[in-house]
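4 protein chains.
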Amino acid sequence: MENYLQKVVEDKRSYIDKGTLPEYIPELQKARKDALGVSIVTIEGDTHHAGDYKYSFTIQSISKVISLMLALKDKGESYVFSRVGMEPTGDPFNSMVKLETVRPSKPFNPMINAGAIAVSSMIEGNSGEEKIKKLLDFFRKITHNPELEINEDVYLSEKRTGDRNRAMAYFMKDVGVITEDIEDSLDVYFRQCSIEVTTKDIAYIGAFLANNGVDIITGERVMEERFVKIAKTFMVTCGMYNGSGEFAINVGFPAKSGVGGGIMAAVPGKMGIGVVGPSLDEKGNSIAGLEILKDLSKNLDLSIF
Amino acid sequence: MENYLQKVVEDKRSYIDKGTLPEYIPELQKARKDALGVSIVTIEGDTHHAGDYKYSFTIQSISKVISLMLALKDKGESYVFSRVGMEPTGDPFNSMVKLETVRPSKPFNPMINAGAIAVSSMIEGNSGEEKIKKLLDFFRKITHNPELEINEDVYLSEKRTGDRNRAMAYFMKDVGVITEDIEDSLDVYFRQCSIEVTTKDIAYIGAFLANNGVDIITGERVMEERFVKIAKTFMVTCGMYNGSGEFAINVGFPAKSGVGGGIMAAVPGKMGIGVVGPSLDEKGNSIAGLEILKDLSKNLDLSIF
Amino acid sequence: MENYLQKVVEDKRSYIDKGTLPEYIPELQKARKDALGVSIVTIEGDTHHAGDYKYSFTIQSISKVISLMLALKDKGESYVFSRVGMEPTGDPFNSMVKLETVRPSKPFNPMINAGAIAVSSMIEGNSGEEKIKKLLDFFRKITHNPELEINEDVYLSEKRTGDRNRAMAYFMKDVGVITEDIEDSLDVYFRQCSIEVTTKDIAYIGAFLANNGVDIITGERVMEERFVKIAKTFMVTCGMYNGSGEFAINVGFPAKSGVGGGIMAAVPGKMGIGVVGPSLDEKGNSIAGLEILKDLSKNLDLSIF
Amino acid sequence: MENYLQKVVEDKRSYIDKGTLPEYIPELQKARKDALGVSIVTIEGDTHHAGDYKYSFTIQSISKVISLMLALKDKGESYVFSRVGMEPTGDPFNSMVKLETVRPSKPFNPMINAGAIAVSSMIEGNSGEEKIKKLLDFFRKITHNPELEINEDVYLSEKRTGDRNRAMAYFMKDVGVITEDIEDSLDVYFRQCSIEVTTKDIAYIGAFLANNGVDIITGERVMEERFVKIAKTFMVTCGMYNGSGEFAINVGFPAKSGVGGGIMAAVPGKMGIGVVGPSLDEKGNSIAGLEILKDLSKNLDLSIF
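For the protein sequence lines, the chains are A, B, C and D, in the order given. Each residue of the first sequence is one higher than the one before, counting from 497 in the working numbering. Each residue of the second sequence is one higher than the one before, counting from 497 in the working numbering. Each residue of the third sequence is one higher than the one before, counting from 497 in the working numbering. Each residue of the fourth sequence is one higher than the one before, counting from 497 in the working numbering.
Think of the hints as simulated: they come from the structure by calculation, not from any bench. One or more of the hints may lead you astray.
Remember, identical chains collapse to one label, so a pair may be satisfied in a single copy or spanning two.
Unchecked claim - Derived pair list, reagent style DSSO-like, types lysine-lysine, alpha-carbon separation capped at 27 Å:
no.	residue 1	residue 2
1	K569	K629
2	K766	K529
3	K550	K630
4	K629	K790
5	K571	K790
6	K790	K569
7	K794	K569
8	K655	K529
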């Protein structure tokens, strides 16, 4: 397996030049554009790595999957989905148009920014600090990595340049989707996006999802199966921004990408996969990372369709 | 199995009253609103039926799945997807907004009307008649029902009241998505939607897809596996109109509905399912049929997530 | 006056190079890009000309003002405005988005293509031929030019490439805004746009409007004052495509432009102005023609604000 | 004149019941729904009043006209219009859609909320307090009413419930339209909207505009003629929310309404008119106030078209 993984990583390096680092979060411009790594964690607990799997990056939108499960656990399905929809949208991840034009006004799904901000505001806690602590503890548990931390520079960079997210949040406050304090809610969101991980960490998250919420090492049920399945479903229908449909066709398993260059995948009943490659395609997905997953899907026959 | 299916059908009859018959195609108003039936065809060839499985209805949008595979076979993936996208859209099935506002101008996917009309225009043939004959022959082959016919009354009703589809088609001609004659192309589309089927017929189509394009009876490869997988992927991401995301969460296998009241499902590697129930929910899906599929998914553990 | 006009025309020639001929109607590409002319007809009947005032061009969207008055006369205000709105729209002249997204579905005003097509369909007549004859007769009367004719080449070019207009028309048929035959209605519209005029002709139309519907030569009331005022109001709020607001600020009198390069203006109680200059700015207005009108407004103090 | 005005006010009272008080600013619900008054101030300085002309109300959107002139004076035309457009928009006054969908991203005009917030942020001043003091001083000068004050209850109510405006402001900060502090800018905007006036006050503003920026009493030039003309032009093309086009047709002179129930009109070269009637139509304009203006326009022949 390691040999195969190393070969794939080398093969796909050529795609790096075709992508770019994201411009709208200045701190992300400091990423190592040529990093490329992959980790696999099977539900039996086997791990395989190749390339820059020790390279650390911020988790960004991948965190939306985890905050969704926590909000579902805290507030229940009907509460969450009365405020955030279940449908894919053909609009960009930071679009506000449908908030205004579709009635009732609610974000289309928890994977676009508006939906994810609303979801994070639903996590129970007496303050933003409590909520983010809860989130971070949960991340540490499912990654089996007690040393996960928030990258303060990235967090501050996102907070400083987050006026588009701020606009969405106030709009949602206006229409009643968010009832919590806006700056607090945004703080939770910006911090959760700034958690620093490696491919190994996110491969563990993927394995946890692939195993339906039962810890693959301890056997403990950490999250309700139903909520894990919901999370995986959103990963298929809207996990890869506006490239979700194409990814479902060409790769065919649940995955969520982040603008930090990571992609976390969960192959149901089989394995978690983490890849990193900060050079992004125009839709915001790791350009070489996508190619690695395409190769894995084909060679290991991982499509669920 | 028959007992279970009969019980499910009876249990779900209560949902019929909560739905309505579609208004925009006058001929569909003549449907039997209280009909409710289900058929299962496993890839081993076992068949099970319950309720009004002999009730015949027009296939409507379910046909979009089949015309897509034929267009892919005739023109190839790159031709088709240069003119029709791969992404789900949060807009209604008959929306034209994104054709105008998103560049390049092309229908978001082959399951919305605009995309399906474009796809049907791509099927090779010297005339509309040839194309529709080819489509009908293919339907007969994969349903193992040589007696399938087009319901002329429904076809004429759709043609007469199809000005919204006509508007989309001319728009697509203007931007170069469709290069064929518009009235001819619409004729193929209106006719394919008017093919009359029973749940048994569409369950066979589902089994054919579940078996990746190999005829479950003869063992013949009838369609390339790749194209069948593409079809199933679209069924997951956009098969149930604006209820696709919710359906993926609550049912979790590829399915395509039509306003005739049918839903055709393909459980990969397992079975095809056909249900009918002309009473529709507000999104255009069979309201009681959805409940039957939800029950089947749960009780037979059919979710792919 | 002639000296002043000649000087203005010469001064503004330098703007011609900054514009382009329109691409979407092939026949219009044959226009003389460097033509530039102006005519003034006062309500007392004085006429002044300069530059290429004998250059003939097709009237295009300027005709929308006249067809609106005829439809108002034939069907009455309440009929017309129940099907076409009164409000400016920030969308392009050929946009369909608001037809779909705003309820009730009707074109925002009679100056965008959708509204103008609907309006032309409302002119009374037993056939398309009768309607266009009626329109042409009216044009001949108010221009005092019995030799006005339709340019058949331009008409056929518009008909052949008019699929976007065709799409709008079918959409409006679907929602009930248009009740007439679509191809007939489009034929009237394409023909009225193809009437060939000079600046003198459109200056006479402007004078007729400036004089509130009373023929400046014969003194005959040819059109109800109310309908003429309605026409002039639309010219101010939406006469210059997406540049109407800027034109109102910088020029400040009712005007309507066409992609043939003409602009017809009506200075209430004073004069009609016709300019031609086929080189268009990005909004579709004659680029040098606009500058001539800006100069006239300033030097002759013609703003109504 | 007084007799005529009194008769008009009485005649139009019957329209009051067809309208409602606005719901989105709680404090405005306390208005006297049945108030109805009118004031006229000619440019010669004659004044005429009828009905509840002593009733005080908050100026709301009428203030947008004045803040625009101040911003033009402070920053110049090219600065202002590089950040805010000149075109009418068919969208609601609080719409954000075009900010996202049209490039470059800027509010369509200074009369919709987004544009007005941006404009207020452009007024020179070292702090929000300085800016609002400057605005208030200017209002006092042109109304000849040194006692004008801000209604603190309304201001606080708007600030508390202003999340939609806040959303717009942050969006504009994100795209660079606003460079000032957001809460400060909103404070100026909410305060200017909360200035308490009577019909007499706004009739004086109207007369000031009608007189092209020269004080009708002192003869002092208080504002550049060009900026006053720009203001009047926007009043015609977008002064009455989504009813601007209809108002231009049926009334035909520059006017600006506010959800406090006021309408300020400027008949060029003739007079200013102020009306109040807190019962609003569905577009947000004083329902009985509109009828008064319609009557005045017809009987005094005030249309500019």
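- prompt: Can you tell me if K569 and K629 fall within 27 Å by alpha carbon in one copy, between copies, both or neither?
  reply: Close inside one copy (16 Å), not across copies (51 Å); limit 27 Å.
- request: Since the copies are identical, ignore which copy is meant and state whether K550 and K630 lie within 27 Å (CA to CA) inside a copy, between copies, both or neither.
  value: So K550 and K630 pass the 27 Å test inside one copy only (25 Å; across, 55 Å).
Homomeric proximity label, K655 with K529: Cα distance no greater than 27 Å: within (23 Å within a copy, 45 Å between copies)
query: Are the CA atoms of K794 and K569 at most 27 Å apart within a copy, between copies, both, or neither?
result: Intra 35 Å, inter 21 Å, cutoff 27 Å: inter-copy only.
field: Homomeric proximity label, K766 with K529: Cα distance no greater than 27 Å
entry: neither (30 Å within a copy, 44 Å between copies)
message: One pair to classify: K790 and K569, alpha carbons no more than 27 Å apart. Within, between, both, or neither?
response: between (33 Å within a copy, 22 Å between copies)
query: For the identical chains here, do K629 and K790 meet the 27 Å Cα criterion within one copy, between copies, both, or neither?
result: Neither. Shortest intra-copy (35 Å) and inter-copy (37 Å) distances fail the 27 Å Cα cut-off.
- prompt: At most 27 Å between C-alpha atoms: does K571 with K790 qualify within a copy, between copies, both, or neither?
  reply: between (36 Å within a copy, 23 Å between copies)
In this structure, the hints that do not hold are numbers 2 and 4, in rising order.
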